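Make a model of the complete structure from these sequences and hints.
These protein sequence lines map, in sequence, to chains A and B. FYI, the numbering for the first sequence is 3 to 184, going by the working numbering. FYI, the numbering for the second sequence is 54 to 219, going by the working numbering.
The hints are simulated quantities; they were obtained by calculation from the structure and are not laboratory data. Keep in mind the model is a prediction, meaning the values are calculated, not measured. All C-beta atoms, glycine included, are put in the ideal place defined by N, C-alpha and C. Hints are supplied without guarantee of correctness; some may be wrong.
If you want a taste of the chain B side facing chain A, the calculated C-beta under 7 Å gives, among others [unchecked claim]:
#: 1; residue: THR81
#: 2; residue: SER174
#: 3; residue: GLU175
#: 4; residue: HIS178
#: 5; residue: PRO189
Below, a list of computed lysine-lysine pairs in the DSSO-like style, where the Cα atoms sit at most 27 Å apart [what the hints assert, rightly or not]:
#: 6; chain 1: B; residue 1: LYS129; chain 2: A; residue 2: LYS65
#: 7; chain 1: A; residue 1: LYS74; chain 2: B; residue 2: LYS129
#: 8; chain 1: B; residue 1: LYS96; chain 2: A; residue 2: LYS65
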Amino acid sequence: MILAIPIGGSNRLWDIDYEPVTDDSHEIQRTWAQKRNYLQGSASDWLPTTEAALHGIRNDCSKANWDGSGAKPISDQTISLTATITETLFTMLPRGTPAPDLIPESDGEICMSWLVDTDQLFALSVGAHGNINFAGQLGREGGIHAWQPIDATSRSTLEQSLQDVARYIGRLYAPATGKRKA
Amino acid sequence: MHRLPENVRPDEPLSSFVYRADDVVKQTRTIRPTRLMPRRNPKTNRLETSVCRSQSLSEAKIWDICTVHFDAYAPKPAIGRGVGLAEAVFKVALRCDADGEPYPEHANIIGWRDLASTPDSEQKHFWMDQAQRMAPAFRYLARLKFGDVGLPSFHLTGCAMYTLHD
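Next comes the structure, spelled out in structure tokens:
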């Protein structure tokens, strides 16, 4: 006898499509996402990894001309905003999404980069000017790039600002991250 | 002494020196797109990415240039270079300006979108997109260590003789 068993779809408890409405429910969703990622392994490694990278950037790149070719200093404000964005994206992205590489840029910004392959990558550039720039190569879907203002006055406004970004990053890892380990 | 063509040809290799390990993508053995991002020339305000025309140069000559014109200013000596053909630049609608300054083999990648009425924070994404599409063509070659001598220059990408620094 042959049985056909559906193995796709989102029938797991934490894949319920839940949209928070109030501030409290935002907080509940965030806590839930953090716990979920913590339990899932690789995503729990995000914060120590990114904190260490930002610490290195603060040490190496906080003075003008840090690269010897006229680079602008990377300010504490930019580092702090990058940390906040990292923390926020951590709660928004599917479990198993790897931590971004954080790369200092000569214009005083920090590039957050996710790379699967040369034609599957996404990068987000964070500066202290209130905008983010992003670009990605999404394989067969082609490339996307844009800028947008971000509102980091509260966690919920920042989450709203990062909705598109999170969706694009999620596309890079979507096929692989939905599976559990045997 | 060899003479470089006045204009950069599509089959010419271009090198970008790298001193930070995080400017290299280990999985793909290429340099990061951030390494190819333009910066403003403080004199002209033009957006440009500095590269070395490495055709016909021996490895020793390439690293001599690096020592004098890159290492002397960078916080640490270069650990390697990204090398790719100029056609990768032309494919993303950019150009090369073979200015020959401060050394004869120097060139700048130019033609980046730059609208005077638009702040950089609203047009940087165009540069990111172009750099992302160029970077896969720039394979990473580690710098020869002391005692490694006599290897010829490799003009094409894809050389597998070098290893990544840890």
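Please write out, lowest number first, the hints stated earlier that are contradicted by the structure.
Violated hints: none; all satisfied.
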